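Peer 1: The primary structure of each chain is shown beneath.
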Amino acid sequence: MRKSLSMLAAVALLAAGCGGTASGEPGAGAGAPVTGGSLTWAVETEPVTFNPHLYAQAKARLLVWNSFEALLTHDEQGGYVPWLAKSYEVSADGKAYTFKLRDDVTFHDGEKFDAAAVKANLDQLFVPGYAPGVTSTQLKHYAGAKVVDASTIEVDLKQPDVLILDFFASPQGAQISPKSLKSPDLKAGGPDVVGTGPFILDRYSKGQEVHYKKNPAYKWAPANAGHQGPAYLDEVTYRFLKESSVRVGALTSGQVDVIEGVPATEQGLVKADPSLQFAQHLNSGTAYNYYFNQAKAPFDDINVRKAFRDAVDVDGVLQGVYRGTATRAWSVLSPSGPFYDSSLEKSYGNDPAAANRLLDQAGWAAKDADGFRTKDGKRLTVRIVLSAPFVRDKRDILAQAVQAAVKQSAGIDLQVKVVDQGTATDALNKGEFEVFDNSRADTDAGAALTLIVPKGAPINRHGFTSPELDAQVAAGSATSDVAKRKEIYTGIQKTLTDNATLLPLYAPADQIAAQKTVGGVGFEPTAGVPASAYNVWIGK
Amino acid sequence: MWRPVLRRLGSGVVVLWAAATAAYLALHLAPGDTVDTLVGDGPDTPQIRAQIAADLGLDRPAAVQYVTYLWRLLHGDFGRSYVLQRPVLDIIGSQVWPTVKLTLVACAFSAVIAVVVALVSTGRSRWVRGLVSALELSVVSAPGFLIGILLLSVFSFRLGWFPVSGDRDVSALVLPALSLALPIGGLLSQVLREGLERALDEPFAVTARARGLTRRALLWRHALRHALLPAVTLAGTLIGFLLSAAVVVERVFGRPGLGQVATDAVGTKDIPVVLAVVMLSAAIYVGLSTLADLTYLAVDPRLRKG
Chain A
1 MRKSLSMLAA
11 VALLAAGCGG
21 TASGEPGAGA
31 GAPVTGGSLT
41 WAVETEPVTF
51 NPHLYAQAKA
61 RLLVWNSFEA
71 LLTHDEQGGY
81 VPWLAKSYEV
91 SADGKAYTFK
101 LRDDVTFHDG
111 EKFDAAAVKA
121 NLDQLFVPGY
131 APGVTSTQLK
141 HYAGAKVVDA
151 STIEVDLKQP
161 DVLILDFFAS
171 PQGAQISPKS
181 LKSPDLKAGG
191 PDVVGTGPFI
201 LDRYSKGQEV
211 HYKKNPAYKW
221 APANAGHQGP
231 AYLDEVTYRF
241 LKESSVRVGA
251 LTSGQVDVIE
261 GVPATEQGLV
271 KADPSLQFAQ
281 HLNSGTAYNY
291 YFNQAKAPFD
301 DINVRKAFRD
311 AVDVDGVLQG
321 VYRGTATRAW
331 SVLSPSGPFY
341 DSSLEKSYGN
351 DPAAANRLLD
361 QAGWAAKDAD
371 GFRTKDGKRL
381 TVRIVLSAPF
391 VRDKRDILAQ
401 AVQAAVKQSA
411 GIDLQVKVVD
421 QGTATDALNK
431 GEFEVFDNSR
441 ADTDAGAALT
451 LIVPKGAPIN
461 RHGFTSPELD
471 AQVAAGSATS
481 DVAKRKEIYT
491 GIQKTLTDNA
501 TLLPLYAPAD
511 QIAAQKTVGG
521 VGFEPTAGVP
531 ASAYNVWIGK
Chain B
1 MWRPVLRRLG
11 SGVVVLWAAA
21 TAAYLALHLA
31 PGDTVDTLVG
41 DGPDTPQIRA
51 QIAADLGLDR
61 PAAVQYVTYL
71 WRLLHGDFGR
81 SYVLQRPVLD
91 IIGSQVWPTV
101 KLTLVACAFS
111 AVIAVVVALV
121 STGRSRWVRG
131 LVSALELSVV
141 SAPGFLIGIL
151 LLSVFSFRLG
161 WFPVSGDRDV
171 SALVLPALSL
181 ALPIGGLLSQ
191 VLREGLERAL
201 DEPFAVTARA
211 RGLTRRALLW
221 RHALRHALLP
231 AVTLAGTLIG
241 FLLSAAVVVE
251 RVFGRPGLGQ
261 VATDAVGTKD
271 IPVVLAVVML
281 SAAIYVGLST
291 LADLTYLAVD
301 PRLRKG
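For the protein sequence lines, the chains are A and B, in the order given. Mapping to our numbering: the first sequence position 495 is 495, numbers consecutive. Mapping to our numbering: the second sequence position 47 is 47, numbers consecutive.
Don't read these hints as lab results, they were simulated from the structure. Some hints here could point you the wrong way.
Simulated coverage check for chain B against chain A, where a stretch passes if three residues somewhere in it have a Cβ under 8 Å from a Cβ of chain A [stated by the list, open to error]:
hint	region
1	59-65
2	82-89
3	139-153
4	251-264
These numbers were taken from a predicted model, which means no experiment stands behind them. Heads up, the beta-carbon is just placed ideally off N, CA and C, and yes, glycines get one too.
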């Protein structure tokens, strides 16, 4: 008995170490929920807009759900929980979705939330020039909406698309008051553009902070929100502190209550402080992957792709760069999602002998004076182009670590170029790269795959296409059966792995650190980003 | 009397136009474009890009965009920010005061630092001067980022004397202003000390001492005035440094301000905002130097001829 208990403990520790879910027990020291008080939260990213329809920064998601809400929300298993909609029905042909709406919801400006409001939001999205990013992807199969009665709306599609539910649970599908839709500041958002959420955005000082106050009338939280009724906090202030060391210093000196974004270098300090709590959660979507450009040499040869993949000791590289705080990825998808194929784990990789054998077979047998492999007098050189403004999580350092690994174990010359955004876009458009790096934070992994896998998809930079894959991706978004989708996406992940289309590196994650007196901080189900302040309280 | 004044104002307008044009050209020649930024982490297809470009008028020839821009500028219309979706004048208006406040306090701090350090260290023993010079050199050459973080960790995180961030009360202004003022104060005190020592070697200093003036009175009443002239001239040219250093300070201290707005706008190719910031700083330069030139004219009759 004793033995099995300690075994269990060891397994639990291992699971926590892997960081598959939230590690630590957020809010354990804060006691029972307390109503009242004001909280200060230092965040890394200042949103460019507070209008949820135009949301485009994953790091700004934690602000959206304070003041706005959607018809549905995600649960942990890839399904949906009713929110502003009480329920929904899908027609037999999968082309009509009927939503029954709550009839007790009002916007912050007193407007009533009803089917006409939902219709007004959908119509606004299709105003030319307003939200082209939403209408051409998330709503690309949208045909129209009908107000059946005050609390019923029917959404029609041109073809079956289960990802429409993901839209109605996404920030872009959040509901803005019809009165606010006419505001001159609609695109920028702010105090004049209101929703139905548990907090009201009442003050925004650009470059400094955004302030929310409690919505006392709030009583329509989704079932998985942690509690019902108004939020615990009276006020919450999000302060924009872009420097991670400044955020951590502000937290350790007690000047802020909560921070998000704690890089590996600062995590030791935070975890060692007995008055602080720390939690980390993997994001949804894809892992951070290196895609090989197989449209041209040398990665048009599968042996070279496999050799590159085998040449990198990913665990060692991650340990060196992230000091054991990163979770290794094995598939195109992030391990946090329901469609992840865990059977791919440890099925390949870290095999320098195989890498060298494959390269010899592929004709890259000779070596030059610098130790790099050559073929017909040409060095085995591949390029990766990183856009400096989008480098996060020290991905530039990671690239250098991979560079050293492939040089040492297989004689591959990986050239790392960190450039400005314009130069990076230029290089991608001209095909002047052999390795393309990317991670996506879509809540439904299927949405990410539709952008990465099919022929001609916007970020299909690897150049691997097949009619079967295209059909699989289409089938995956046409069915709402989670088991069936899992089967389809497992097939896609296996095909991409067998073809050595990519080298998965790590699963992006978000971190929260807070004073022990703060309770209820946690992560949004499925998305894996910090949740809104609805469930947060300050204990005694 | 009026002709030089008019000439000065006229050349000021030309400088403003040149600044607007140079900034415009630089932004267009730099690789990359606004559309990339607007697409951001979001979905990305050629249709989306085309629609964004058409929406902002970026699909027109650059020359047409430039002429339209100048024409609007003449009417005081700075346009709307591509990225922030608000009128540029609103954005600049809300961010000017925090930066001005920061710069003014930093100027005052650096003046005090420079004068006190120079007066205390002038004519002292070799090792005192060596120590002071070493300190001056380190604050002048240390990156502003480092100075800011150091000040924060000692006076905010450890001692808790000053708040970490924001534009609140006077106490929130001390550390950011100090991180701006230290390098400038260090530079000015070096110049000032050299001036003081030169003034003390002048014959008038010997005469004054011979008439019984104390060393301190000589330093304060006579030598300082002589030494101030080059330092003031140098201080005038440091305004540009202040603006660029403010970028770093605002970032570290999480303060609102023009520096943040300008760097974000350059990074995202938010052309209307960049141009407005350039025009504003050019206008400040032109204004200050015109004022200085006109003051010279009033003060020194020899300059009024010609």
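Peer 1: Report holds or violated for chain A covering the region 251-264 of chain B, Cβ cut-off 8 Å, minimum 3 residues.
Peer 2: holds (count 9)
Peer 1: Using a Cβ cutoff of 8 Å, are there at least 3 residues of the region 139-153 of chain B near chain A, or does the coverage claim fail?
Peer 2: With 3 residues closer than 8 Å to chain A, the region 139-153 of chain B meets the three-residue bar; holds.
Peer 1: Taking a Cβ-Cβ distance under 8 Å as contact, does the region 59-65 of chain B have three or more residues in contact with chain A?
Peer 2: Answer violated; 0 residues pass the 8 Å Cβ test.
Peer 1: Check whether three or more residues of the region 82-89 of chain B sit with their beta carbon closer than 8 Å to a beta carbon of chain A.
Peer 2: It holds, with 4 qualifying residues against the three required.
When held up to the earlier numbered hints, the structure conflicts with hint 1 and nothing else.
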